[in-house]
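Undergrad: Taken in order, these protein sequences are the chains called V and Z. So for the first sequence, this note's numbering puts the first residue at 1; every next one is plus one. So for the second sequence, this note's numbering puts the first residue at 1; every next one is plus one.
Careful: at least some of the hints might be erroneous.
As the list claims (entries may be wrong) - Which residues of chain V face chain Z? A few of them, derived with a C-beta cut under 8 Å, are:
{"id": "1", "residue": "His23"}
{"id": "2", "residue": "Asp49"}
{"id": "3", "residue": "Ala145"}
Since the hints were made in silico from the structure, they are not lab data. On a predicted model such as this, the values are computed, not experimentally measured, just so you know. Where is the CB? At the ideal position from N, CA and C, for every residue including glycine.
Chain residues, written in single-letter form:
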Amino acid sequence: MKIWILTFLFIVFISPPAQAHPHVFITPKATLVLNGHAVSQINVEWDFDDMSSALFFESCGSDSAAIWNLVFPENQLLVNGGQAPRIGYYTTVEIDGVPVANLTPAYFTANYVNGILRCQFTLYINRNVGNTMKIWFDDPTTYNAFDIQSGNFQFVDQSGASHGLQQQTEDNIDKMFLSW
Amino acid sequence: MKLRLTFSLLIILFIHCPVMANAPSPPDRLAAKPAILQQARDSFQHNALLVELTKLQQDLNKNIAVKIKELKQQKDPLLLFSGLAIAFIYGIFHALGPGHGKSIISSWVIAQRRSLGTILLVSVSAAALHALTAALIVGCTYILLGKFATVSTQQLDVYLQIAAAILVIGIGLALLVPLVYTGLTRNRFHPEPISPGPSGKPFAVALSIGIVPCPVTSVILIFCLTLGLIWQGILLVLSFAAGMGLSLVAVACLVWLLKEKVTIPKLSGFHYVLTRVFPIAGGIFLVVIGSTLLCSLL
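Starting from the given sequences, assemble the full structure and let the hints guide the process.
TA: Dropping the structure here:
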């Protein structure tokens with residue numbers, strides 16, 4: 001009996017003050033632009049949840065620059081009371097098992113569709129792929145939660161080739177896999 | 001015994017790994033990490049339980065937004081009631097994730113000899129303050145600036161979190177100082193241990209948890225206000241706060257019950273740990289937690 005009591009007390013007693021509950025829910029969509037084995041860019045769209053969209057509109061209106069600063073703040077304000085420097089753009093692209101470094105969104109736009117904040121940006125890749133490519137979205141602070149749905153992802157191959165695009169879960173993270 | 005101990009350690013690992021892995025790393029360091037280390041980090045960070053909790057909250061977030069939109073169209077009391085029920089459940093699950101509120105209140109309960117009534121009062125007050133602070137910021141921002149939210153309210157959050165961190169340090173010191181004083185007095189003048197009196201004011205504990213505004217409360221309220229649903233928004237926020245309060249009360253009561261249960265066999269080594277080591281460790285923990293928060297903010 002004592003071991004269980006000690007275990008419970010240990011858990012609650014030394015539970016670190018990290019925030020692990022989400023506050024903003026984002027539904028990502030993406031179009032991968034390919035030409036055979038060459039991946040040129042990924043056009044990404046994020047649809048925010050209704051309530052966060054209202055908050056963004058009240059804070060910044062339709063000002064894309066201001067929304068950019070809120071979506072990708074230089075110093076992320078964590079719910080646990082800390083601040084963390086920006087550690088990427090919540091987007092990870094992996095080609096043949098190797099992550100693509102320094103992904104920076106370009107052509108960021110923000111607009112509201114039926115009250116929903118829709119942010120769009122382009123990720124330039126310009127790489128050749130051997131066999132597989134993965135893309136996923138993840139905020140390590142857990143402040144933003146991403147809801148991956150396979151129907152929201154597609155590819156456009158200028159060479160007309162066909163590929164397999166499917167959703168898989170790795171280490172409890174939903175990822176999109178594109179295979180050649 | 002070994003099996004139980006192993007299982008207990010696995011539970012601890014299961015709960016703590018995603019939280020420990022939350023510390024962000026600079027991008028260059030991330031890029032330099034071997035793939036296997038990156039995979040290990042990801043697997044620690046994304047605990048199955050927390051992922052399910054997130055998905056559940058996402059559904060609740062969608063449902064409550066739909067209910068609020070429907071409330072705009074028709075003023076049906078049943079619709080409002082179902083919205084309040086969803087807000088209540090959302091509050092329960094939102095407060096279940098790891099957070100400083102549960103750590104502070106658990107440390108305080110362990111370190112102090114308080115009645116169940118006081119612990120209930122502190123838990124409920126903390127949850128109410130958590131929601132009330134957010135509602136006050138939204139209200140005051142609208143009165144002063146004519147908008148429900150501005151980017152500058154994020155800066156206000158930082159100030160409030162600094163205040164909370166200072167309060168946490170203060171509570172920790174308030175717990176430690178009498179214990180140290182008692183220890184010194186006992187050593188010099190009394191051979192028998194003297195039980196320290198209660199310290200760490202309940203209101204200060206509730207304030208240190210509740211002063212940091214709850215972002216979800218803010219977005220629910222702002223969403224309702226932008227649709228012109230003022231009193232419905234306030235009711236939903238109250239219901240959400242009640243749900244958070246229930247989670248906090250459950251954790252605090254469980255810690256209190258376990259502590260009360262294990263203090264029965266006096267003069268044992270375990271009794272010594274609970275009555276002497278835990279209060280000191282609780283105070284130290286609060287000072288460390290507050291200092292960590294403060295350092296990260298300054």
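Undergrad: A separate judgement is required for each hint: does it hold in the structure or not?
TA: Status of the hints after comparison with the structure:
| no. | hint | in the structure |
| --- | --- | --- |
| 1 | His23 | holds (4 Å) |
| 2 | Asp49 | holds (6 Å) |
| 3 | Ala145 | holds (5 Å) |
The structure agrees with every numbered hint stated previously.
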